[in-house]
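Please build the complex by placing chain R on the supplied structure of chain U, with the hints as guidance.
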Amino acid sequence: MCRVVDLRQAVLAKNDASAHTLRTRLAAHGTTVVNLLSSPGSGKTALLESELLRARERAVPVAALTADLATENDAIRLARSGAPVKQVLTDGLCHLEAGMLAGHLDGWLPDGTRLLFVENVGNLVCPAGYDLGETLRVVLASVTEGEDKPLKYPTAFGLAHLVVVTKIDLAEAAEFDEIAFRANVQQVNPGVEVVLTSARRGKGVGALLDRALAAAKGAPPHTPVMAGLPDLRHGHAHTHPHTHADDTDAGDLAPTPS
Amino acid sequence: MHEMSVALAVVDQVAEAAERAGDVTAVRSVRLQVGELAGVVPDSLAFCFELVCAGTLLEGAELVTEAVPGRARCTPCAHEWAVGMPPRLTCPACDGTTTDLLAGRELRIAAVQWETGDPMPTREPISEEC
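One line per chain: the protein sequences are U and R, in this order.
Under the numbering used here, think of the first position of the first sequence as 1, with each following residue one higher.
Under the numbering used here, think of the first position of the second sequence as 1, with each following residue one higher.
In short, the hints are calculated from the structure, not lab data.
Since the structure is predicted, the reported quantities are computational estimates derived from the model, not experimental observations.
Just so it is clear, CB atoms sit at the ideal spot from N, CA and C, and this is done for glycine as well.
Treat the hints with care, as some may be off.
Examples of chain U residues lying across from chain R (beta carbon under 7 Å, computed) [said to hold, decoys possible]: (1) Arg3; (2) Cys94; (3) His95; (4) Met100; (5) Ala102; (6) Ala128; (7) Leu151; (8) Pro154; (9) Val205; (10) Leu213; (11) Val225.
The shape of chain U in the complex, shown without the other chains:
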């Protein structure tokens, strides 16, 4: 017999549940996760290295996990800061998932870590859909990438709690139009903060650390319009908090014989 069954399940329900578990588990240990997303070559490793150094100077216990398809180059660079660093090789996978991250943290994340920076795989498409249990999601773009980047990758920019512009020292050479960039960010993510940085010149370094520490202390991060109604992923729009049994289990198995 042929039956039509209403499943009504969010496709990424498993990742979302793993992310929630990880966030709760890390919070119990006083650790806050910052998820860094950008294109390859945007300069997130250089900026992160500076931020880790700044954190060490301020005696903030930080750690970093960096994901790449191949090579340990980024971990070697980040380890120069003196912070505990782990390289994750995804063997071709274009993004990290919450369950993978949890597995990599087991037995490695030092006790007492206040902030864990996760440098996601350089990619503005795939990582955008995966909650890693972060409290702060940061999207970075360099001035050489063009002002329309936020419009080309609206999901990544639209879900960010903070947007960081890198390589601002090259702005003039790249003829970077800051006003147009900011307008494009606002179009997909009204109200999100944009900070300008240059790891090479030290400009804006420390801003990311400050925002991360504020989030760790419980300051509510910006709520992106796109993330404002997470229940949309469950299929209906409302804002009151409650749990959905049908998103974590089999759903409403209401067979309709056809």
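Below, chain R alone, put in the same frame as chain U:
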């Protein structure tokens, strides 16, 4: 190409639901709602879905994707609009920046059609029926 991961998640969840139902012999189709802002490419997903289904209860199942347009409403002036792509999430009527997204982020399995091993309901045979 996270469509492969998305396809795996769909197949895993449908296979689990089928196992729970107990008597499913084959899955015929899976209906998926994909929001305009979900960041998933339906064609790419269909390609991956076919690969991932091979050798499972879903082998040969059809993936039916239902596109859900992005819609938003301005909190101050209540204007509603289709957000488009790239999305405009500031109000086109009053330039307000406090917006509620009403639809467009969906990525969910709506329904599945499957075959079960139930016996057909008993009834008197009708001679004309083929």
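Evaluation of the provided hints:
1. Arg3: For Arg3 (chain U), the interface hint holds, since the closest Cβ of chain R sits about 6 Å away, which is under 7 Å.
2. Cys94: 6 Å, holds
3. His95: At 5 Å from the nearest chain R Cβ, His95 (chain U) passes the 7 Å test, so the hint holds.
4. Met100: Constraint on Met100 (chain U) not satisfied, violated at 10 Å.
5. Ala102: With a closest approach of 16 Å, the Ala102 (chain U) hint is violated.
6. Ala128: 5 Å, holds
7. Leu151: Holds, about 4 Å.
8. Pro154: 5 Å, holds
9. Val205: With a minimum Cβ separation of about 29 Å from chain R (threshold 7 Å), the hint on Val205 (chain U) is violated.
10. Leu213: 26 Å, violated
11. Val225: Holds, about 4 Å.
Checked against the numbered hints given earlier, the structure breaks hints 4, 5, 9 and 10 and satisfies all the rest.
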